[in-house]
Structures are given as C-alpha cells and as structure tokens.
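**Q** As a plain string of letters, each chain reads:
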Amino acid sequence: MWTFIHKLGSPPWFFRFSGTLVRWLLPITVTLLLVGAIWGLLVAPPDFRQGNSYRIIYIHVPAAVVALAGYYLMAFAGAVSLIWRIKMADVTMRASAPVGAILTAIALVTGAIWGKPTWGTWWIWDARITSMLILLFLYLGVVALFEAYENKTAAARACAVLSLVGMVNIPIIYKSVDWWYSLHQPASIKFSGESAIDSSMLYPLLLMIVAFYFLFTVTLLLNMRAELVWTHRESGWLKQLVGDS
Amino acid sequence: MDSQGVWLVETAGRGLLMYFESLAAAWDMDGHGLYVWSAYALTALPLVLMVWLPVKRMRQHWRWLQAEQRRSGAATGAQTPAMESDR
Numbered sequence: 032m033w034t035f036i037h038k039l040g041s042p043p044w045f046f047r048f049s050g051t052l053v054r055w056l057l058p059i060t061v062t063l064l065l066v067g068a069i070w071g072l073l074v075a076p077p078d079f080r081q082g083n084s085y086r087i088i089y090i091h092v093p094a095a096v097v098a099l100a101g102y103y104l105m106a107f108a109g110a111v112s113l114i115w116r117i118k119m120a121d122v123t124m125r126a127s128a129p130v131g132a133i134l135t136a137i138a139l140v141t142g143a144i145w146g147k148p149t150w151g152t153w154w155i156w157d158a159r160i161t162s163m164l165i166l167l168f169l170y171l172g173v174v175a176l177f178e179a180y181e182n183k184t185a186a187a188r189a190c191a192v193l194s195l196v197g198m199v200n201i202p203i204i205y206k207s208v209d210w211w212y213s214l215h216q217p218a219s220i221k222f223s224g225e226s227a228i229d230s231s232m233l234y235p236l237l238l239m240i241v242a243f244y245f246l247f248t249v250t251l252l253l254n255m256r257a258e259l260v261w262t263h264r265e266s267g268w269l270k271q272l273v274g275d276s
Numbered sequence: 157m158d159s160q161g162v163w164l165v166e167t168a169g170r171g172l173l174m175y176f177e178s179l180a181a182a183w184d185m186d187g188h189g190l191y192v193w194s195a196y197a198l199t200a201l202p203l204v205l206m207v208w209l210p211v212k213r214m215r216q217h218w219r220w221l222q223a224e225q226r227r228s229g230a231a232t233g234a235q236t237p238a239m240e241s242d243r
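Residue numbers (this note's numbering), protein chains in the order written: chain A, 32 to 276; chain B, 157 to 243.
You may find that some hints are simply not true.
No more than 30 Å apart at the CA atoms, straight line, and that leaves these computed lysine-lysine pairs for DSSO-like [claimed, not checked]:
1. A:K38 to A:K147
2. B:K212 to A:K183
3. B:K212 to A:K147
4. A:K183 to A:K147
5. A:K38 to B:K212
6. A:K183 to A:K38
7. A:K118 to A:K206
A partial selection of chain B residues facing chain A, derived with a Cβ cut-off under 7 Å [said to hold, decoys possible]:
8. Y191
9. L198
10. V207
The set of hints was computed from the structure by calculation and includes no laboratory data. Heads up, the beta-carbon is just placed ideally off N, CA and C, and yes, glycines get one too.
The following block holds chain A by itself, in its conformation from the complex (with noise of 0.2 Å):
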C-alpha cells in the first residue's frame, strides 16, 4: 500500500500507469454514461408527481455528488501539497479543478432546467442553489489563481489555501435543503434506512453516479497526463518515451 503511494508521487511511473489505466476505464464510462442515459430517459417509470420532467435526476444528481467529491479531492491534495510539497499533489489538485467547474455547471445547468417546468422558474436564491453556486466560483477560482502567479509553487500554495478555506462550503451544501427548507427537494437517496425512491428509479440513477465518478476519474487523468508531459518535457524519462513513440 504504501509503495504504492510512493509510486504515485512519482511521476514516470504515474504517466505509465495511467495511460494503461485511461485506456481501460475510458471504454466502460462511455458504455456506463450510454445505457445509464437510456435506461433514465426510455426504461424508467416517470414520477407521478413530477411526470417525466424528473428524468433530468439521472444526470443533475450523478454531476452535482461528483462536483461535491471532486472538491473533497481537490482540498484533500490541496493539503498534501501544503505539508508535505509533492509535485503530484500540485499536479492532482490543479486537474481536478476545472472537471469540477464543468460538473458543477452542469447541475446547476440542468437544475435550472429542470426547475422550469416543476417549480415555475428557472433560478431562485435557494440555499442549496445558492451555496453550488459558491462551489463553482471556488472551483473557477482555483484555475484562475493558479494562471494569476508567475512562480507555479506559489500558485499551488495560494490555490491549495483557497480550496482548503473553500471546505466550509461543503458542510453548507449537504445540510442546506434541511436548514432551509424551500424548493430544492431533500435528498431521496439514504444510506441507512429506506430510500424515497422506488428501485426502478433508484438502480439508473445509481448507475449514472457510478458513470460520473469513473468519468471524473478518466478526465482527472488526462488532464494530468497532459499536464505532466508539458512541466517534464526537459525530464529524461519523458524524452525517452517520445523518443521510442
């Protein structure tokens, strides 16, 4: 376990890793995001109070919990960077911002169109709208103060601050449909106890999270990936590699 944790902070052998990693999860994202998008529009039942316009679920709940965990690695490297100055975690926390942005756009996107046709408008200063809103910035914020520096190890110490302070966010979206109740429906998915949604709804949906979390997974790595061969093009291992390419 731990030399595998060491391996990881070494970027040779992370550029290899990955690229046999990306090959195989690439292929069953797109074959997870396909079947979890038809069975949400086509298979699934619609709800008998929100009749199909619910089918926005499959796609606005599996990007708005990524965006969430995204952050947690995000701040996570973020704090790795800080105390113990791996690269990788400079490299990790920068790729995982903008995956973020998009995906917190997209919930807030679809959100947005869902809420249309079942609450009357496109946009309210709900709590729970309002604070994903805030996670966007943050995320935006992370990729634009990391182009602001000049000198990149100070750009990740300032990003890795910013994103760390940007956790009592997190708390604030989970619980903001409980404090606040207003149009934002609470969560239908438990982890202990019965869930408030029917099976036939609740297997898509969680095939769609899984979709997410493994189209996170591949983005974050290419990115990486792309990053990595840009900072190592002066790196011998790198040369090596274009060279036998």
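Got chain A sorted already, so can you dock chain B onto it with the hints?
**A** Using the frame of chain A, we list chain B on its own:
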C-alpha cells in the same frame, strides 16, 4: 405494463422495455420533452469536451516534443542521452 411497448433489448419476451409507446411519445414526454432532451444535450457537449480537450492538448505537446527531438538530433548529430528519471 402490457407488452405493447417498444423493446430496446429483448430475448424471448424479457429485456428492457421502453416506457413510452413510441419514439414520438418519448420525444414529447407529455410536453416536458423539450426540457428533458435539452438538459441531456447541454450535458453531452461539455462531457465530450472534458475528454477531448486534454487529449488534444497532450497530443500537441507530444508532437512538439517529437519535433524538438528531431531538431536537437539533427543539430548535434546524436541522440539525446537518457538521463536519470527525476522526481
């Protein structure tokens, strides 16, 4: 549900049965079709870009490095020696 619907996958009467009676009904979704399909379409585009953009960026870097190696190889007349892999 009766078996009048459209089968997506079917083996001997079992499989995935489409909820809607026809593709036109699936498109309309009782008037919500525009919302649902546009939400999926607006998601599909960024998902494709999320995968495609880093792949493209990596390829560009890779080609640049290959060209660089050819340039330096031609200039010195020798292959760049492989150095110790650095952290």
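**Q** Starting from the hint list further up, note which numbers the structure goes against and sort them upward.
**A** 1, 3, 4, 7
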